[in-house]
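Participant: Protein chains in written order, with the working numbering: chain A, 1 to 361; chain B, 1 to 341.
There's no promise every hint is true.
What the hints assert, rightly or not - Derived EDC-like pairs: lysine to aspartate or glutamate, alpha-carbon spacing no greater than 20 Å straight-line:
hint: 1; chain 1: B; residue 1: 320; chain 2: B; residue 2: 221
hint: 2; chain 1: B; residue 1: 215; chain 2: B; residue 2: 144
hint: 3; chain 1: B; residue 1: 225; chain 2: B; residue 2: 113
hint: 4; chain 1: B; residue 1: 33; chain 2: B; residue 2: 322
hint: 5; chain 1: B; residue 1: 140; chain 2: B; residue 2: 221
hint: 6; chain 1: B; residue 1: 55; chain 2: A; residue 2: 94
hint: 7; chain 1: B; residue 1: 215; chain 2: B; residue 2: 189
hint: 8; chain 1: B; residue 1: 209; chain 2: A; residue 2: 83
hint: 9; chain 1: B; residue 1: 215; chain 2: A; residue 2: 323
hint: 10; chain 1: B; residue 1: 215; chain 2: B; residue 2: 322
hint: 11; chain 1: B; residue 1: 209; chain 2: A; residue 2: 67
hint: 12; chain 1: B; residue 1: 55; chain 2: A; residue 2: 83
hint: 13; chain 1: A; residue 1: 256; chain 2: A; residue 2: 245
hint: 14; chain 1: B; residue 1: 320; chain 2: B; residue 2: 214
hint: 15; chain 1: B; residue 1: 88; chain 2: B; residue 2: 159
hint: 16; chain 1: B; residue 1: 55; chain 2: A; residue 2: 323
hint: 17; chain 1: B; residue 1: 88; chain 2: A; residue 2: 226
hint: 18; chain 1: B; residue 1: 320; chain 2: B; residue 2: 307
hint: 19; chain 1: B; residue 1: 320; chain 2: A; residue 2: 59
hint: 20; chain 1: B; residue 1: 209; chain 2: A; residue 2: 323
hint: 21; chain 1: B; residue 1: 320; chain 2: B; residue 2: 331
hint: 22; chain 1: B; residue 1: 284; chain 2: B; residue 2: 301
hint: 23; chain 1: B; residue 1: 79; chain 2: B; residue 2: 291
hint: 24; chain 1: B; residue 1: 225; chain 2: B; residue 2: 268
hint: 25; chain 1: B; residue 1: 209; chain 2: A; residue 2: 59
hint: 26; chain 1: B; residue 1: 140; chain 2: B; residue 2: 191
hint: 27; chain 1: B; residue 1: 284; chain 2: B; residue 2: 307
hint: 28; chain 1: B; residue 1: 225; chain 2: B; residue 2: 307
hint: 29; chain 1: B; residue 1: 55; chain 2: B; residue 2: 34
hint: 30; chain 1: B; residue 1: 135; chain 2: B; residue 2: 146
It is worth saying that the hints were derived from the structure and are not from the lab.
No experiment lies behind these values; they were computed from the predicted model shown.
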Amino acid sequence: MSDATARAIAPPRRRSGPLRWLRRNLFSSPLDTALTLAALYGLYLTLPPLVQWAFIDADWVGTSRADCTSGGACWVFIATRLEQFLYGFYPAAEQWRVNLGFGLLVAVLAALSWRGLRRRWLAAALLLGYPVVAYLLFYGGALGLAVVPTHQWGGLMLTLVLAIVGIVLALPLGVLLALGRRSELPLIRAACITYIEVWRGVPLITVLFMASVMLPLFFPEEVTLDKLLRAMIGIVMFQAAYMAEVVRGGLQAIPKGQYEAAEALGLGYWQRMGLIVLPQALRLVIPGIVNTFIALFKDTTLVLIIGLFDLLGIVQQAFADPDWLGYSVEGYVFAGLLYWVFCFGMSRWSQRLERRLGQGR
Amino acid sequence: MMMKPRFMPWAAAILIAALAQTALADGTLATVKERGFLQCGVNTGLPGFSNADEKGSWTGLDVDLCRAVAAAVLGGADKVRFTPLTAKERLTAVQSGEVDLLARNTTWTMTRDTSLGVHFAGINYYDGQGFLVSKDLGVKSARELDGAAVCILAGTTTELNLADYFRTHGMTYEPVVFDTADQTARGFESERCDVLTSDQSQLYAQRLKLAAPDKAVVLPEIISKEPLGPVVRQGDDRWLNIVRWTLFALIEAEELGVTSGNVDAMRESRNPAIRRLLGLEGIKGSGLGLDEGWAYRAIEEVGNYGEIFARNVGEASPLKIERGLNRLWTDGGLHYAPPIR
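Isolated chain B (complex conformation) (with noise of 0.2 Å):
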């Protein structure tokens, strides 16, 4: 932000030095193991991704996805450190080292891909920009908003999609800009703006915090592209594997109706995918360096990816957010895992 232009070169410069060490550094996966706990990057509170409850410990979609990787890894679910990050030190908190993966809601874009020193892993969460109206303005479509008022998050990337959503369209609109979130909900309910726009996700979270969420709608529209995704450090590639396949493992259970119930009884089953998955035969952990029951772990403790997004985000919790474009490829959604074989 204000440090940018008189930081950029110097943190340029560290960057390098930063990369130089990751890559003689050695093995997350035994530093992790010796450690006995995993170091996880989540968000200071983002509801249904990572949030504390009243009890303290860590709840969400992101959150669970550490939890996973702590159950395939060591064997407990429960032996993850949370470290809360917000937006501005999450990948230098990967650089550092200071975590061993970033789950925080993270947009999968080349320039962190490729030129920050990081991977990602791949996503656990298709997200995108939307459009919340009240029910009383009739709009079943973003294409009828023409002229309408829009609250909007001020100096994010919410602002520009929005211009060019609208300049493509040939449609105008009146932005009226807040500066927090609780702002722009408390902007939409006193109708200082017919729109409310802003990642899908976060959507059904503000319209939660309306008087009457009854009374507005989600519209259909997603206009922008939000991939979110567990990221790791570059030059340790046996540790991106297992973050990765972790989600697969998460993503493929659900295809095959493994859940954390019934997964005891479905070691029985003859159906060969669920015992790849389950590592009764065929490759196993081998590949990533661990035991045969990783994937078996993380399902027990944690679930499939359908219960972990029914349970945070989806309709066994209070957002009640769609699947949409996070259901599984089988039912129209983006969720593909490759076979684990």
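The shape of chain A in the complex, shown without the other chains (with noise of 0.2 Å):
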């Protein structure tokens, strides 16, 4: 044993502080200063006017256009329809209903991500009981609430209705399909393939339109399906398409070994996807069906081409108020940090989903 193992070396010079912080990461070379300096500039030249217009030069209390003098943006028009924006043409006297059906959804997922909810039956009671909840919430009809037809939901109530439904009913549709995409039964396998292949073939706008434009024309004069029944059928269709595959991705990375060793255990089908092959394929994916989903919400948008206001629809349609002429990019800005806001949140959630799900490994 030689003396050097036992020396003491000195500690290395600490390497934090915002100087060291500043040269490892925004000049560590010159083509980093360079990209630095120039995106700085870029700042410099964006940042201020923008400043500007959204804060300083702001006109934020008043009721008519009339209060917007400053020459920067008017947030006036924004918070003179926030209501309409939210609610759609949801009826006032109602709109807690709408407030407690999305608290209620916020609880429920608070409480299906809380760890001491171990109980399976508890979970399913909550997934199963909520839609039941939330139509009767929303539409009414029952229990003394009055009826609110679609024709009146609008604004981010939409959006979100549009976008939930979608999602909830378009992963087990995506799962089963993607199930049957490599069943070995050749006609479940065709049926899927041709399903898959079809809807994913057709752009979703072509989807609304059949399904706004077409459909009605299929059946007789009596019957009239809710436009946004139409809307949301065309959306599950769709979105199923598009989530079979990012599952079947899943299923495919799992190694044949999985699949072998739940059959040797004496597992049935249902038993070996549901128990086995399923929990790991749906893990790996999560990013995936999570993209998928951030798609879908923004994808809602599209129902404005058939004359659903959903948040952005009803913005622009505010556009036409012949009071607030000349208020549209206050009107985009404000859409746009709110379709921001929600799929920036769905992120978020799904990575610490990701964390949560990959500590048992």
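Quick one: dock chain against chain with the hints and give me the complex.
Facilitator: The structure is reproduced here in structure tokens:
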């Protein structure tokens, strides 16, 4: 044993502190320096006018366009119509139902992600019970709640309803389709492949047009299927095809040994899939699933081409008010901000979910 | 649009089926009465014609026609359910019975009237393509626009009309094409073009979007005919008559000086034309299958044509559109109602 190993070595110089951080992350090479300076210059060009427009010169309080005099953003326009942007034409006296409905959803989601909730039946009850409660709250028609027909739904509420229904129904349908596509029964396999390829091959706009323009012509005149329902069915069918392909990616990544081991245990098909294969496969494809969800959330804006006022649609509709002509930028900024908040929220939630599910490994 | 070639044969086949169906169906009037409200198709948002206000109730020139029909038929201007429709779905919505009446700034053309299974019940707004210019330009007439840069919306008939107009008058222009009305207004404001062209009713809305609306002026010339009118399904003549004569009653009321304010006092009038309009004598509503108060209710709840115009697009609105062609025939305009007798 030599002395060298025992000799004390001076600790390395501390590699932290703001200056160090700057040098390491922003100015570590000439190229980095150039990029940093270019980015700073870009910010210098865009940020001050933006802040000036959005905050310093902006008008915040008032009731009409006469109150927007400072030349900056006119947030009065958003403020006076906020209720409409959030609830559409949902009657003011009934809006508590929407709030309660989405409040319950948050509660259910919180309960589901709570680790104490290990009881499957409780989770299942929440998942199956919530849609019924939500339907009763939003649409009404029972328990003394007045019916609010779907043509009065709109704004952020409609966007969320479309997205959530799409997400909740497209996932199980997609899983079934993915399993079907890998099935050994030729008939089921062919049916699933046809379904997936047909729906994936058609743009969502066309699907919505079909649902809104062509479908009513097939029905006798007395039958009018709710427009929102038609759009929902279209969206779910469409997204299920995409979801199926995402899930199939996960199924293919599971080693063959897992399938065989499950079979060797004497499990039936559904047990094999439900207990062994799917839990692993779905965990693998969480990023893909969330990606599809986020795309779906944003795709819901396409319903505005069939005259349904989702968040973007209702904001655009407000531009047509003769009293408020010319404030479209504010409207788009507001809508964009809301979309970003929701998409970013979904993305963070998926990352949390991934970390949690990944811990066991 | 993109699905046209693929779906055309389909659409035709379905259309024929739909037409066969409408012939069988009986009575929109009965359906509406039974339902208790009128289904009315309107624009998803067109300033002054159809838009929802802050409280979510629909207002506009087209919207008021729906309300007048509802008042005449059901006795309540609020007994309407508005279905916002895009340009592509509007006629299908009429054909399929999704709406009983379409009041959505739809131009009356021969193709639409004769081959799409719908009828136009009249004209509630005479529109046409016009020009918006900056006052600084000092132009008084569209004839002086030779060599101008013109802002247009892409893919509309306005583009074709513009080309025709300039060619007919031996003038040249430089098109500056945009995708949305908002962009067109911005392009005009940033002086990328000297002239903005669109339907005249829209020019006034476009002008309001400018930072200084007073600095722009709408030229008097109209270079195309865009008669906008309510549309109903083919095959129900009674319903067609109801919509048509409700519109006529509103126009006739203006001609006779009957307003929503004085309609009750006018019941005492000795003018036989007024008495016939208000259902006090003459044919009343029997030809339409309505009671005698049909026109009275429409005028009382919604107002006459002049009031509707002023409130939504005219001097009492932010748009301040000139009556122009939309004056009564007695004032040199085109609105002319056949006698109610």
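Participant: Is residue 55 (chain B) close enough to residue 83 (chain A), meaning Cα to Cα at most 20 Å?
Facilitator: With a Cα-Cα distance of about 9 Å, the restraint between residue 55 (chain B) and residue 83 (chain A) holds, given a limit of 20 Å.
Participant: Are the Cα atoms of residue 209 (chain B) and residue 83 (chain A) separated by 20 Å or less?
Facilitator: 24 Å, violated
Participant: What's the verdict on residue 215 (chain B) and residue 323 (chain A), does the C-alpha distance respect the 20 Å limit or exceed it?
Facilitator: Status holds; Cα separation ~19 Å.
Participant: Has the given pair, residue 33 (chain B) with residue 322 (chain B), been kept, meaning a C-alpha gap of at most 20 Å?
Facilitator: Violated: residue 33 (chain B) and residue 322 (chain B) sit about 37 Å apart, past 20 Å.
Participant: For the pair supplied as a hint, residue 215 (chain B) and residue 322 (chain B), confirm whether the alpha-carbon distance does not exceed 20 Å.
Facilitator: 17 Å, holds
Participant: Are the Cα atoms of residue 215 (chain B) and residue 144 (chain B) separated by 20 Å or less?
Facilitator: 18 Å, holds
Participant: Keeping to a limit of 20 Å between CA atoms, is the pair of residue 215 (chain B) and residue 189 (chain B) held or broken?
Facilitator: At roughly 10 Å apart (the allowed maximum being 20 Å), residue 189 (chain B) and residue 215 (chain B) satisfy the hint.
Participant: Holds or violated: are the alpha carbons of residue 209 (chain B) and residue 59 (chain A) at most 20 Å from each other?
Facilitator: 18 Å, holds
Participant: Quick one, are residue 225 (chain B) and residue 113 (chain B) close enough, alpha carbons at most 20 Å?
Facilitator: 16 Å, holds
Participant: Are residue 284 (chain B) and residue 307 (chain B) close enough, with their CA atoms no more than 20 Å apart?
Facilitator: Violated. Residue 284 (chain B) to residue 307 (chain B) sits at ~23 Å, over the 20 Å cutoff.
Participant: Take the C-alpha atoms of residue 320 (chain B) and residue 331 (chain B), compute the straight-line distance between them, and say whether it is at most 20 Å.
Facilitator: 18 Å, holds
Participant: With the threshold set at 20 Å, check whether the alpha-carbon distance from residue 284 (chain B) to residue 301 (chain B) stays at or below it.
Facilitator: 18 Å, holds
Violated hints, in rising order: 4, 8, 19, 24, 27, 28 and 29; the structure is consistent with all others.
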